[in-house]
Amino acid sequence: MDLEQKKLAQTIEESLKKLKTKRLTLLQFESKSGAVFDLYSYHLISPMIQLMTHLILKIKNTHPSAISAYCFFLQWKEKVGLERSIIMRGLTKENSNKNECIEHIKVLINEQQYYKNHSYL
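If you're matching positions, the sequence shown starts at 1 in this note's numbering and goes up one per residue.
Hints are computed from structural coordinates only; laboratory data are not their basis. Keep in mind it's a predicted model, so treat the numbers as computed, not measured. Don't be surprised by glycine CBs; every beta carbon is placed ideally from N, CA and C. The reader is advised that the hints may include incorrect statements.
[As the list claims (entries may be wrong)] Heads up, simulated EDC-like pairs for lysine to aspartate or glutamate below, C-alpha to C-alpha not over 16 Å straight-line:
(1) K116 x E83
(2) K20 x D38
(3) K18 x D2
(4) K116 x E78
(5) K77 x E111
(6) K58 x E4
(7) K22 x D38
(8) K58 x D2
(9) K17 x D38
(10) K106 x E83
(11) K18 x D38
(12) K20 x E30
(13) K98 x E83
[As the list claims (entries may be wrong)] The following label-pair restraints were derived from C-beta to C-beta distances:
(14) S65 x N99: 36 to 44 Å
(15) M52 x E100: 29 to 37 Å
(16) I59 x S31: 36 to 44 Å
(17) I87 x L19: 20 to 28 Å
(18) A69 x Q28: 21 to 29 Å
(19) L91 x F29: 16 to 24 Å
(20) Y42 x I102: 17 to 25 Å
Produce the complete structure using the sequences and hints provided.
What follows is the structure, encoded as structure tokens:
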């Protein structure tokens, strides 16, 4: 693995170690749900998709355009799920900054459009 792939693998490994603790603190109402969503989306799922893409492209006789399309589809799907979680967080009483939530959703919609447009062969 090259340096970037090692960093991705390290991020995934460290996040998996934190996951159990984050879940427990959430269940005991000692942390906010956003912390767990961020851990899943930004530190587990997204790096896994990136690492998967890098590793699959090293296999002989693969079709890079098909792999890229599939990975863009996975990223698009992840952004849709992330948008849902941000909307839910924005609707909770604990969120005092609704405008920040709206701006975050706008960014996600633009990202989704990008991934959607690039996921077709």
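Here is how each hint holds up against the structure:
1. Between K116 and E83 the CA atoms are separated by roughly 14 Å; this keeps the pair inside 16 Å, and the hint holds.
2. Proximity of K20 to D38 is assessed by CA-CA distance (about 14 Å); at most 16 Å being required, the pair is judged to hold.
3. With a CA separation close to 25 Å, the supplied pair K18 and D2 exceeds the 16 Å bound.
4. Our distance criterion of 16 Å between C-alpha atoms is met by K116 and E78, whose separation comes to about 11 Å.
5. For the proposed pair K77 and E111, the alpha carbon gap of about 11 Å is at most 16 Å, so the pair holds.
6. With a C-alpha separation of about 14 Å, the suggested pair K58 and E4 falls inside the 16 Å cut-off, and the hint holds.
7. Distance hint between K22 and D38 is fulfilled; the C-alpha atoms sit about 11 Å from each other, no more than 16 Å.
8. Pair hint K58 plus D2 holds up; C-alpha atoms about 11 Å apart against a cutoff of 16 Å.
9. A distance of roughly 15 Å separates the Cα atoms of K17 and D38; the hinted pair therefore holds under the 16 Å criterion.
10. In summary, the hint linking K106 to E83 is supported, as the alpha carbons are separated by about 9 Å, within the 16 Å threshold.
11. Taking the CA atoms of K18 and D38, the gap is about 12 Å. The hint holds against a cut of 16 Å.
12. Taken as a hint, the K20 and E30 pair is honoured in the structure, with Cα atoms around 14 Å apart against an allowance of 16 Å.
13. Annotation: proposed proximity of K98 to E83 holds, straight-line Cα distance about 14 Å (limit 16 Å).
14. Hint check: S65 to N99, Cβ distance near 40 Å, so the stated range 36 to 44 Å holds.
15. Hint check: M52 to E100, Cβ distance near 31 Å, so the stated range 29 to 37 Å holds.
16. In this structure, I59 and S31 meet the distance hint of 36 to 44 Å, their C-beta atoms being roughly 40 Å apart.
17. Distance hint check: the CB atoms of I87 and L19 are about 23 Å apart, consistent with the given range 20 to 28 Å.
18. For the hinted restraint 21 to 29 Å between A69 and Q28, the CB-CB distance of approximately 42 Å leaves it violated.
19. Hint check: L91 to F29, Cβ distance near 18 Å, so the stated range 16 to 24 Å holds.
20. At roughly 20 Å, the beta-carbon separation of Y42 and I102 lies within the given 17 to 25 Å, and the hint holds.
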